[in-house]
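**Q** Sequence:
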Amino acid sequence: MISNPWIIGGNALLGFLAGYLYKRFGAEKAVLAAFAIQIPYLIITDVYLVHMPVAAVIGILGTLLATNIISVLIASRLSPLISKSI
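Numbers in this note's numbering are just positions in the sequence shown, counted from 1, shifted up by 132.
Hints listed in this document are in silico derivations from the structure and should not be mistaken for laboratory results. Quick reminder that beta carbons are idealized off the backbone N, C-alpha and C, glycines included. Incorrect hints may have been included.
Claimed, not checked - Pairwise CB distance ranges (calculated): (1) I175 x Y152: 27 to 37 Å; (2) T199 x S135: 18 to 28 Å; (3) P185 x K155: 36 to 46 Å; (4) P212 x V186: 34 to 44 Å; (5) V179 x K216: 38 to 48 Å; (6) L210 x K161: 11 to 21 Å; (7) P172 x S217: 37 to 47 Å; (8) Y154 x A198: 15 to 25 Å; (9) I214 x V179: 31 to 41 Å; (10) I171 x A207: 13 to 23 Å; (11) K216 x A187: 43 to 53 Å; (12) A188 x I140: 17 to 27 Å; (13) T195 x S215: 27 to 37 Å.
With the hints as extra help, turn the sequences into a complete structure.
**A** Here is the structure:
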């Protein structure tokens with residue numbers, strides 16, 4: 133059971149925005165822009181609706197930024213190889 137039901141909305145927002153911005157900016161910039169747009173959603177839901185400490189939310193934002201950057205770098209390097217093999 134998820135203790136924060138707003139996580140699903142945040143993930144959906146990030147995924148939709150990254151996909152929507154992909155053609156305009158490319159993978160890396162699209163993910164960073166989507167994350168920047170997602171930050172206010174995360175702050176509002178985590179701090180004001182779930183009542184998490186601000187320090188914890190800042191730590192979560194840092195972790196999400198790092199994992200988003202690592203994921204997009206790996207995915208952008210692997211996707212040409214995968215699409216050629218299909």
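**Q** Any of the earlier hints contradicted here, and which numbers?
**A** The structure breaks only hint 1.
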